[in-house]
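*Asks:* Residue strings, one per chain:
There are 2 protein chains.
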Amino acid sequence: MAELKAPSPDILQQFVAIVGEAHAISDAGAMAPYLHEWRDRYHGKAALVLMPGSVDEVSQILALANQTGTAIVPQGGNTGLVGGQIPSEAGDEILLNLSRLNRIREIDLAGNCMTVEAGLVLAQAQDVALNAHRLFPLRIASEGSCQIGGVLSTNAGGTAVLAYGNARDLVLGLEVVLADGRVWDGLKPLRKDNSGYDLKHLFMGAEGTLGVITAAVIRLFPIPAETATAMVGFRSLQDAAAFFDRAYQFGATELTAFEIIPRIGIEFVTRHFEGTKDPLQKSHAWYALVEFSSANADAGLASGVEALLAEALEAGEIADGTIAHSLDQAGALWRLREDMSEAQKYEGGSIKHDVSVPVADIPEFITRADQLIQLMVPGARPVPFGHYGDGNIHYNISQPPGQDKAIFLSHWEAVNAAVHEIVLDLGGSISAEHGVGQAKRDMLPHAKSEVELELMRSIKRTLDPKGILNPGKVV
Amino acid sequence: MAELKAPSPDILQQFVAIVGEAHAISDAGAMAPYLHEWRDRYHGKAALVLMPGSVDEVSQILALANQTGTAIVPQGGNTGLVGGQIPSEAGDEILLNLSRLNRIREIDLAGNCMTVEAGLVLAQAQDVALNAHRLFPLRIASEGSCQIGGVLSTNAGGTAVLAYGNARDLVLGLEVVLADGRVWDGLKPLRKDNSGYDLKHLFMGAEGTLGVITAAVIRLFPIPAETATAMVGFRSLQDAAAFFDRAYQFGATELTAFEIIPRIGIEFVTRHFEGTKDPLQKSHAWYALVEFSSANADAGLASGVEALLAEALEAGEIADGTIAHSLDQAGALWRLREDMSEAQKYEGGSIKHDVSVPVADIPEFITRADQLIQLMVPGARPVPFGHYGDGNIHYNISQPPGQDKAIFLSHWEAVNAAVHEIVLDLGGSISAEHGVGQAKRDMLPHAKSEVELELMRSIKRTLDPKGILNPGKVV
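As given, the protein sequences belong to chains A and B, one line each in that order.
Throughout the first sequence, residue numbering follows UniProt numbering, covering 1 to 475 in sequence.
Throughout the second sequence, residue numbering follows UniProt numbering, covering 1 to 475 in sequence.
Rather than coming from a laboratory, the hints here were simulated on the basis of the structure.
Treat the hints loosely; a few may be bogus.
In this list, chains with the same sequence are indistinguishable; a pair is considered to hold if it fits within one copy or across any two.
[As the list claims (entries may be wrong)] Dumping the calculated DSSO-like pairs for lysine-lysine here, alpha-carbon to alpha-carbon at most 27 Å:
1. K460 <-> K188
2. K405 <-> K466
3. K352 <-> K5
4. K460 <-> K448
5. K352 <-> K188
6. K448 <-> K188
7. K405 <-> K352
8. K277 <-> K5
9. K460 <-> K45
10. K352 <-> K448
11. K188 <-> K277
12. K45 <-> K466
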């Protein structure tokens with residue numbers, strides 16, 4: 001990808017002319033918010049921030065970039081956790097922010113789908129769906145700021161994947177601007193289309209390295225008529241595994257969430273957040289927040305879930321459990337899960353992982369990782385939590401109390417490498433839902449076969465021969 | 001793709017040596033069953049039929065083919081309807097039949113998935129799942145003979161797509177032999193993996209033109225604890241549309257099937273099959289076979305569906321309805337749907353279509369197509385049936401009674417073209433679930449944008465630069 005060049009002042013002016021002065025930012029101060037993410041782990045420089053207002057402008061920008069060998073970094077709500085949306089430090093890349101492309105193009109109630117543009121904020125998409133008496137089921141922590149384009153480009157996961165799938169599973173069609181500026185209109189709202197290769201899945205999860213997603217047809221679902229939320233306590237992860245199996249066989253697609261939390265996580269949240277409290281009378285080694293929902297108002301979920309918990313208690317799989325009897329109670333249970341990341345901040349430094357393993361191997365993964373951490377950083381406190389049913393554990397580790405934060409964080413890469421080694425040994429993935437971005441690009445050669453890497457590289461060369469799209473990310 | 005060559009006797013001998021004499025067929029009579037499909041619409045010739053017994057043998061075959069420029073036509077159960085699995089008439093291609101690769105490699109109950117090889121017959125996969133107390137939900141007419149590899153290579157659809165998705169949605173991982181013989185091991189049983197491009201979706205639905213699928217990790221589901229099957233009658237397609245909406249909002253993922261049948265379809269089946277009978281007291285313009293199922297035994301489906309039908313009757317959406325009260329009754333209702341294709345054979349020639357349109361446009365599509373058919377072939381009898389909820393209508397047309405079959409069938413291409421024109425005008429697909437194969441390859445330039453075709457071609461060139469994989473199919 002040696003053809004990239006720093007854009008000359010003249011070329012920069014041509015880029016500005018495409019979107020108009022009002023939508024181009026070149027002042028360092030004004031560009032700053034787009035050049036680092038909220039945790040400040042990734043920061044870069046840019047020659048220009050462009051905010052196009054139409055697909056045609058995006059097309060012109062990419063055509064000019066391709067012609068002139070200018071690197072383009074696409075960006076949505078700037079909430080990504082792996083630096084995929086942040087340019088390099090060189091300052092010769094152009095940041096392409098999609099926020100202004102935020103229209104709802106069409107709502108198709110009969111087809112249970114809607115066509116929305118890349119810059120639409122996820123929470124707004126959820127609201128638009130609700131107003132149309134439908135559910136857009138994607139739920140992630142950043143939903144108040146992240147945008148549809150970023151969500152699809154990273155194939156976001158979240159807490160409703162069990163029932164509804166990952167972001168890519170919620171998409172019927174895509175519109176993508178290709179590296180040379182051509183527009184692929186794949187916006188068909190069809191549930192079945194076998195008239196050729198499936199191109200949309202190539203662009204989803206590619207983090208803007210193969211094309212820029214500008215719009216999508218996303219699926220809508222009936223709003224659940226009934227939801228049952230419970231918190232249960234386990235003596236061991238093996239018990240959690242047995243109960244997950246029971247819950248899944250009970251409810252299948254009605255099982256919307258199965259999120260595990262270790263005891264230390266409950267302690268962190270209740271210690272640092274006013275109004276939170278221990279969900280069960282005694283303390284337990286592990287907890288799961290379990291949510292069932294059904295579009296069928298007569299599904300009798302409440303009594304069904306009560307019976308399920310009774311059976312699991314009888315079988316010794318759960319040590320205790322509580323079912324929310326109001327939206328407030330359900331909200332309080334969810335808060336224990338949702339505040340986990342935030343609560344860790346009050347406990348000092350935290351080394352994080354976003355990994356997945358086969359569901360059956362979760363207990364082994366956590367046991368092996370915990371043992372390793374105690375050897376590598378004695379006193380460090382693992383806080384593994386997350387999406388049990390997806391095999392996706394956020395294996396986060398809080399620093400030993402009292403230790404210097406910087407010293408603890410200096411172990412980051414060594415700990416990552418060691419934990420990833422266990423994940424790979426179990427046939428898992430070193431990036432379950434956050435993507436590769438800058439953070440994990442250099443790990444891929446170790447994590448993937450040469451055949452797979454070469455396939456990825458050849459697709460990259462085919463779709464972006466000059467390498468202008470998000471260089472240094474993913475592949 | 002000018003590099004293809006007819007294999008010399010010496011090269012053919014090298015291919016035979018890979019699988020052994022016992023698993024290579026060169027006798028014309030013995031090859032015959034592999035060279036035409038059951039309806040005999042597509043037939044070809046082959047230089048050799050190879051039946052490899054391991055992935056390594058498939059790898060060696062493709063490596064040699066790539067080296068020598070020999071065309072390879074992959075084949076599973078030979079049930080495809082578009083000729084994708086049938087070689088050309090030239091006789092210089094090698095047919096690669098995957099039937100011997102039929103092992104079940106692993107069943108992962110905790111992960112609700114299993115790893116199976118390409119040659120496993122779909123019905124056997126369903127049985128293996130049932131024996132493990134799980135459901136593999138793919139249901140298609142050819143399930144007794146079609147094989148997993150073919151099912152995934154064509155992204156098969158069927159009658160349970162509404163709740164479970166197309167074949168590609170049931171796959172967690174793939175193993176694929178690439179055009180040059182390298183093996184891509186993407187068999188991870190993970191529900192979340194964002195560590196790079198999603199390669200598996202590229203090979204699924206590509207009909208063996210980008211690689212040969214040799215194994216897959218397929219998803220398993222809980223066996224439904226309760227199933228409710230109903231047949232309802234409508235005065236019009238508009239009423240069917242209203243009732244579909246009601247049924248979907250009622251049940252969402254519990255709505256497993258919503259298959260429409262026109263009055264003439266019921267007449268055909270009851271006329272030609274002993275033991276079938278009109279499902280409702282009076283006759284109606286349209287019928288829908290509706291199936292709900294739930295893993296939750298307490299979901300109260302039976303009473304829920306009864307109430308749903310009562311409401312729809314009250315609202316005037318359905319004219320009548322009946323709910324099956326036994327497995328036998330449910331079977332009898334399903335038979336009316338399943339015998340549709342077969343019944344048409346007794347009514348003479350039939351011109352077929354496998355198309356999809358946005359769900360909201362189904363009534364318009366059928367109305368416009370019916371009008372057109374009456375102009376093109378007066379007296380011809382449209383029998384549009386199929387997967388309403390997927391927008392996927394098998395718009396089949398039976399010949400006018402008494403007309404010469406050959407004369408009627410001579411209209412095939414003109415009728416296809418005219419019906420596809422309406423489909424494209426409505427933003428639909430000219431191949432919803434059967435694929436492109438030989439049948440629709442020449443239609444793609446009309447049905448797709450130049451950008452999309454060029455994307456497909458460039459991916460084909462990248463993954464199969466010599467064009468040895470299933471030449472003349474899809475792209």
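*Asks:* Against this structure, judge whether each hint is valid.
*Replies:* Now the hints, each set against the structure:
Within a single copy, K460 and K188 get their C-alpha atoms as close as 25 Å, and across copies as close as 22 Å, so both meet the 27 Å cut-off. When the C-alpha separation of K405 and K466 is checked against a cutoff of 27 Å, the pair qualifies neither within a copy, at 42 Å, nor between copies, at 57 Å. Within a single copy, K352 and K5 get their C-alpha atoms no closer than 35 Å, and across copies no closer than 55 Å, so neither meets the 27 Å cut-off. For the homomeric pair K460 and K448, the shortest alpha-carbon distances inside one copy (16 Å) and between copies (23 Å) are both at most 27 Å.
For a Cα distance limit of 27 Å, the shortest separation of K352 from K188 across copies, 23 Å, qualifies, whereas the shortest one inside one copy, 39 Å, does not. When the C-alpha separation of K448 and K188 is checked against a cutoff of 27 Å, the pair qualifies only between copies, where the shortest distance is 11 Å, while the shortest distance within a copy is 33 Å. Taking CA atoms no more than 27 Å apart as the test, K405 paired with K352 passes inside one copy only; the shortest distance there is 14 Å, against 69 Å between copies. With identical chains, the CA atoms of K277 and K5 are never at most 27 Å apart, being 56 Å at best within one copy and 74 Å at best between copies.
Taking CA atoms no more than 27 Å apart as the test, K460 paired with K45 passes inside one copy only; the shortest distance there is 24 Å, against 37 Å between copies. Taking CA atoms no more than 27 Å apart as the test, K352 paired with K448 passes inside one copy only; the shortest distance there is 21 Å, against 45 Å between copies. Proximity of K188 to K277 under the C-alpha cut-off of 27 Å is found in neither arrangement, the shortest distances being 48 Å within a copy and 39 Å between copies. In this homomeric assembly, K45 and K466 come within 27 Å of each other (Cα to Cα) only inside a single copy, at 21 Å, whereas the closest approach across copies is 43 Å.
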